[in-house]
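Could you put the whole structure together from the sequences, leaning on the hints where they help?
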Amino acid sequence: MKIDWAALGSVFGVSLVATVALVGLFTLGVVSLTKQEAATQAGGSGSLARTGAYACFALCAAAVSYGIYLIVT
Amino acid sequence: MEHITLLLAIVIVTALVFDFTNGFHDTANAMATTISTGAMKPKTAVAMSAVLNLVGAFLSVEVAKTISSGLVDESGITPEVIFAALVGAILWNLLTWLVGLPSSSSHALMGGLIGATVASVGFGGVDGGVVVTKVLIPAVAAPLVAGLAAMLAARLTYRLGRKTDQKATAKGYRAGQIASAGLVSLAHGTNDAQKTMGIITLALVAGNVLSPGSNPPLWVIVSAGVAIALGTYLGGWRIIRTMGKGLTDLQPQQGFAAQTSAASVILASSNLGFSLSTTHSCSGAVMGAGLGRKGGVVRWSTATRMFVAWGLTLPAAGLVAAGSEFVTKQGDWGVAAVAVFLVASCVAIWFISRRQVIDHTNVNDTDTPAEEPAGVVTTAIAAVTPPPAGDIKTTIHAAAEPEPARTATV
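The listed protein sequences derive, respectively, from chains L and S. Residues 1 to 73 (my numbering) make up the first sequence, in order. Residues 1001 to 1410 (my numbering) make up the second sequence, in order.
Quick caveat, the hints were computed from the structure, so don't treat them as lab data. Here the structure is a predicted model, which is why all the values come from computation and not from measurement. It cannot be assumed that every hint is accurate.
Derived SDA-like pairs (lysine to any residue); straight-line CA-CA distance at most 25 Å [what the hints assert, rightly or not]:
no., chain 1, residue 1, chain 2, residue 2
1, S, K1167, L, L28
2, S, K1195, S, S1345
3, S, K1195, S, G1128
4, S, K1043, S, V1099
5, L, K35, S, Q1166
6, L, K35, S, K1294
7, L, K2, S, D1127
8, S, K1294, S, T1169
9, S, K1041, L, A61
10, S, K1171, L, G46
11, S, K1163, L, A42
12, L, K35, S, K1163
Structure (structure tokens):
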């Protein structure tokens, strides 16, 4: 009986980092988007916040695409 | 498709039935949190999951060559053994569905295979070491990994978003959650529909219809994909309720964190060579996300019942399969007897389930299923209970948005 601790460890590490990074990124995006809305309502442009939000969402979309790629291959 | 004997036909139909139960048993994995946080309407959610399961079934041409992952010696496997294994797995799936507990369909299938093999050729046919490494350790590791990831992610998202308005961000989290849930559905279709394809192919090879090592014929791929999608669409509402509402109360942030964690764990584990059960990962993620919110609680009594079910999955499915194999070995009448037993049990379980119907109308009710058979009144009350607050908020929010614009034009 041989337990593949290395594989288990890497699953543990990768899942942890991927989840926290993705959720963090997405949260940043959502938060920036609400900030942008608030800024627009206050009369500002809020374009920096919006760009930041879109950048975060783009990265998340890339991660999802990579996930689909992993499923397909 | 020629030369298919009656026995082989029975095995194929049984495998498709298993595929179907697998679909509706595992709808909860992808969609329970999506439904309970109100990100999608129940029917829409299961429909999306069903479509993605179907797509997933066709996505990959890499077929699971060994359905049992080396658990049992596959060389001596006969259609009868596969049939007995499937009977054990189906009955366990239906029984856990009846009590509304998520449990791993793959473990049920493995248990069935082990039991049937032991009854067929004895304990020598089973590799005990593989049972530990492929079943026991993943069962402990999956909820821990997914739970920890979901808990940290939920903490992080609450911390980052602490200055923002809950209502404004909920929509965003719901969108993210739907994406993660879709990924889980897709991965499930690819993995689990292929498992059934592998079983049917193995049965066809064992019955000398296909040559060993050949790929599954198209009709096998199509029927397995359709069976799992139909099962998913039917929705195992009892399990969805337990996972979405029974284990803990989830807000959109937590639902998003849980689903993302589940998707990451499933994809990481299947690509890094340490396979973890979808069900165990998702349940763990839900509990972790529950703990990740300040004041969040996990209902440990429900969780404990679930853990007990996980522990029982392998031996229970194995025992039923062993018994079935013992009877099928007696000859044709044995196969017929087991088939009748299977159908009768399924019908019985269905009738018991009708005593208290749980479907898309009351899937989000928080009350725990009554111990005694519920009467007409309970069902009626359940049917008219308003949807949870989250749902109403979104409707109001969405309806309220175009209002200012209209007044401006007037």
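Okay, the hints, checked on the actual structure:
{"no.": "1", "hint": "S:K1167 / L:L28", "result": "holds (16 Å)"}
{"no.": "2", "hint": "S:K1195 / S:S1345", "result": "holds (24 Å)"}
{"no.": "3", "hint": "S:K1195 / S:G1128", "result": "holds (22 Å)"}
{"no.": "4", "hint": "S:K1043 / S:V1099", "result": "holds (22 Å)"}
{"no.": "5", "hint": "L:K35 / S:Q1166", "result": "holds (13 Å)"}
{"no.": "6", "hint": "L:K35 / S:K1294", "result": "holds (24 Å)"}
{"no.": "7", "hint": "L:K2 / S:D1127", "result": "holds (12 Å)"}
{"no.": "8", "hint": "S:K1294 / S:T1169", "result": "holds (18 Å)"}
{"no.": "9", "hint": "S:K1041 / L:A61", "result": "holds (23 Å)"}
{"no.": "10", "hint": "S:K1171 / L:G46", "result": "holds (20 Å)"}
{"no.": "11", "hint": "S:K1163 / L:A42", "result": "holds (17 Å)"}
{"no.": "12", "hint": "L:K35 / S:K1163", "result": "holds (10 Å)"}
Violated hints: none; the structure is consistent with every hint.
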